[in-house]
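We have chain A already, so just place chain B on it with the hints.
Number of protein chains: 2
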Amino acid sequence: MYVTHLECPKCGAVFDHRKLAGLCTKCSSPLLVRYDLKKIKEKFSKKRLKHRSYNLWRYKEFLPIENEKNIISLGEVITPLLKLEKFGSLAGFKHLYLKDEGLNPGGSFKSRGAAVGISRAKELGVKSFAMPTNGNAGAAWAIYGAKAGIEANIVMPKSAPLITRNECAVSGAKLYLVNGLISDAGKIVAKAVQKYAIMDASTLKEPYRIEGKKTMGLEIIEQFGWKSPDVILYPTGGGVGLIGIYKALLELRAIGIIENLPRLVAVQAQNCAPIVKAYESKSKESIFWENAHTIAFGITVPKAIGDFLVLDAIYKTNGTAVAVADEDILHYQSLLAQNEGLFICPEGAATLTAAHKLLKQGWINPKEKVVLLNTGTGLKYPDTVQINPITLEPNGEIEIKF
Amino acid sequence: MYVTHLECPKCGAVFDHRKLAGLCTKCSSPLLVRYDLKKIKEKFSKKRLKHRSYNLWRYKEFLPIENEKNIISLGEVITPLLKLEKFGSLAGFKHLYLKDEGLNPGGSFKSRGAAVGISRAKELGVKSFAMPTNGNAGAAWAIYGAKAGIEANIVMPKSAPLITRNECAVSGAKLYLVNGLISDAGKIVAKAVQKYAIMDASTLKEPYRIEGKKTMGLEIIEQFGWKSPDVILYPTGGGVGLIGIYKALLELRAIGIIENLPRLVAVQAQNCAPIVKAYESKSKESIFWENAHTIAFGITVPKAIGDFLVLDAIYKTNGTAVAVADEDILHYQSLLAQNEGLFICPEGAATLTAAHKLLKQGWINPKEKVVLLNTGTGLKYPDTVQINPITLEPNGEIEIKF
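Residue numbers (the numbering used here), protein chains in the order written: chain A, 64 to 465; chain B, 64 to 465.
It is worth saying that the hints were derived from the structure and are not from the lab.
Bear in mind the structure is a predicted one, so any value in this text is a computation, not a measurement.
Among the hints, erroneous ones may be present.
To be verified - Covered stretches of chain B (in silico footprint by chain A; criterion: 3 or more residues with CB under 8 angstroms from a CB of chain A, positions within the stretch not fixed):
id: 1; stretch: 133 to 140
id: 2; stretch: 341 to 349
id: 3; stretch: 415 to 424
Unchecked claim - Think about it this way: if two alpha-carbon atoms lie no more than 20 angstroms apart in a straight line, the pair counts; the simulated PhoX-like pairs of lysine-lysine are:
id: 4; chain 1: B; residue 1: K101; chain 2: A; residue 2: K146
id: 5; chain 1: B; residue 1: K237; chain 2: A; residue 2: K157
id: 6; chain 1: A; residue 1: K464; chain 2: B; residue 2: K237
id: 7; chain 1: A; residue 1: K110; chain 2: B; residue 2: K110
id: 8; chain 1: B; residue 1: K290; chain 2: A; residue 2: K464
The beta-carbon is built from N, C-alpha and C at its ideal position, and this holds for glycine as well.
The shape of chain A in the complex, shown without the other chains (with noise of 0.2 angstroms):
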């Protein structure tokens, strides 16, 4: 392992990696896992990587586990970077791309900062959690807590989607709803992780989650022949992904593997925007957005407390951030399962949407190499499509025309 040391991104306070950490205890800044950066650079080569396994464990170097025996796998797998022919050429776009994040265990991202997550969370002892979560992150912090034996505790709200409080109770997860948002569940957490001394797991309030998110970034790199493409765009609720991906690039690019970073672009829903509003005001940190809802449950997040990281992402790689309305992104949903087959969650429509409004303000060029995160399954949002199918009886008869 690689791992130096654990650093504060906004006091540059330096903390014990062998030690369970939370937040900054200076700042209460979210903290970053640093590496030997100089020693990977040795060591890493992309040669290497064709004799190892074709999943995120393959970049063992730039992730945080010390032994591999306390790797907690649900059987990850490199997502696949799918080009969008039809709809790109529907839409103008010459090199259109989706990372499907769907075909992960579980059916989300989500699953990779699990994945990281709970192997480092086992690696240092660690017996029980509790997380506040809008769903997809809780359901995939309980499968993995289920299958290194770490307790969980999830707390979500009331209205977050249903199915993920089934991957909760299933796999034996202690399950609170919330009447109230993921903010209000952050509270209760807050009070449970001090009341009994357990590990807290909100986003970004333990530093390994990001490593796993990162992976994302690594694969993108990877699979575009170890080259950046030119623009990201990513659904951002809490934004870990985005700030994954992007500590990603900046380690690549220490050791020499890409120079050019692609423009990352924060994709939110307009009745949820503090991002966007804060990119719009060049300011570095964002306001919490009030009476925040949209459709795209996973990015209801008023304030991300990352929020700073996100922005720094997006203005150091000349990037942007978009607000989509609610009623587009089921367009777009709808319009790419019928061209392309993919049945995607309402999160990475946000960011499809986003694109082709890019794509026609001029700001993304048709020739670019643009790539879509989507963040999960559309399985898991049945609600998202209406269907009116016709039924018949046993002796019906169907009526097809031409």
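Here is chain B on its own, set in the frame of chain A:
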């Protein structure tokens, strides 16, 4: 492509694979795709696979696609073969594995049949098809059909899992529900394909779906280092997966890759067990099962058109057929999730139930390598999980008992 012809496994009649074919025109049996195995033996090498994409298309010598341009892909992956260490040691298995087909596009093994079936249909110029389904197959053919630009007409029982309706609808398929079983849906489709002269994509009424399912067998053998495990358990409704796996094994044996075949086990539900009944009476075919019903909806097939092929595979490999109770299926589904973090579908859980039963009966030896086929993700079956979460107000607290 190494396909030489289509062959009737019942009467031996031979058909031209370059023409769209249904059942044997002489005896109404399903047809099998035959290859020039001598040529494949000359050309196929395990080493060459190392340079190929990590998905089912890597086995191109064994697939019926002439021009790679016709391949319709939604990002298939080599699905993980997971060793169930914790559950295995609790139950007394030394080497218990689960092949997790839930990581396919659309969340089920049906993608394999649809990927190859739709690709070949496109190659043969098909514009429209109709099919009866218990849900997952229709959903898979709908999404692959959408990508291929082939019109899908799907007829499914009203009681089929709700989420599969959404997949059909969102991808633009024409969806019909029937007040009855898949056999009733089959009759409606039979009338439609005759009336409108469109392709009949019913189970085994077109020969290419088996070729897609076959890739499960190819992957399992490659994942065991090109060796056979001892036992493979498969949840059996139409039985195409089992027929496909058996076909893969025979083809690999014919070209000298493996010597021994694993014993194949068909797993059914107690209230829909026509194959088990036939096996117990040493019959070559099954009898229509009246009042079929089980929570493992995908295997509610009262009489499979390929029953004789399933039974043949069982007899020839010294396999067996086992029926399990719905309440046991739910119990094992939850046991697996709690121990291994895997939320599998009830059909997959049926194989776990059956494996444990066969171990206790001594039919499986604790030291044998046993593979369970989990045909899909539990996410598509939220109703199989009972949950009673505690609801809190925003100022609430959680109570943890150690």
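Hints, one by one, checked against the model:
no.	hint	result
1	133 to 140	holds (count 6)
2	341 to 349	violated (count 0)
3	415 to 424	violated (count 0)
4	B:K101 with A:K146	violated (36 angstroms)
5	B:K237 with A:K157	violated (31 angstroms)
6	A:K464 with B:K237	holds (11 angstroms)
7	A:K110 with B:K110	holds (17 angstroms)
8	B:K290 with A:K464	violated (51 angstroms)
The structure fails to meet hints 2, 3, 4, 5, 8 from the earlier list, while all remaining hints are met.
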